[in-house]
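Novice: Sequence:
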Amino acid sequence: SGHAPLSTSGMEGDSWILVDLIDVIVHLFSTQARLYYDFENLWGDARRVDWQAEAGQTNTSATDSES
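Under the working numbering, the residues of the sequence shown are numbered 22 to 88, in order.
Keep in mind the hints are simulated off the structure, nothing from the lab.
C-beta atoms are modelled at their ideal positions from N, C-alpha and C, and glycine is treated no differently.
All clues stand as given, with none of them false.
Computed Cβ-Cβ distance ranges for the label pairs, DEER-style:
no., residue 1, residue 2, range
1, 32, 75, 33 to 39 Å
2, 48, 69, 19 to 25 Å
3, 45, 74, 19 to 25 Å
4, 23, 62, 33 to 39 Å
Using the sequences and the hints given, assemble the complete structure.
Specialist: Here it is in structure tokens:
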């Protein structure tokens, strides 16, 4: 917390915003942009990876870990 992004792009628009946090790049999309680009199905034939299981994590919400 308290860290400013290195860079942002798209703030003047309302469909796609990119935030560069150095170690992580965050893409924020409007509902319309998500439907248009359809990223969930872009590689729909690719094998799904249970990243939480591979990282040894359990399926808990952020609020569970804060209490």
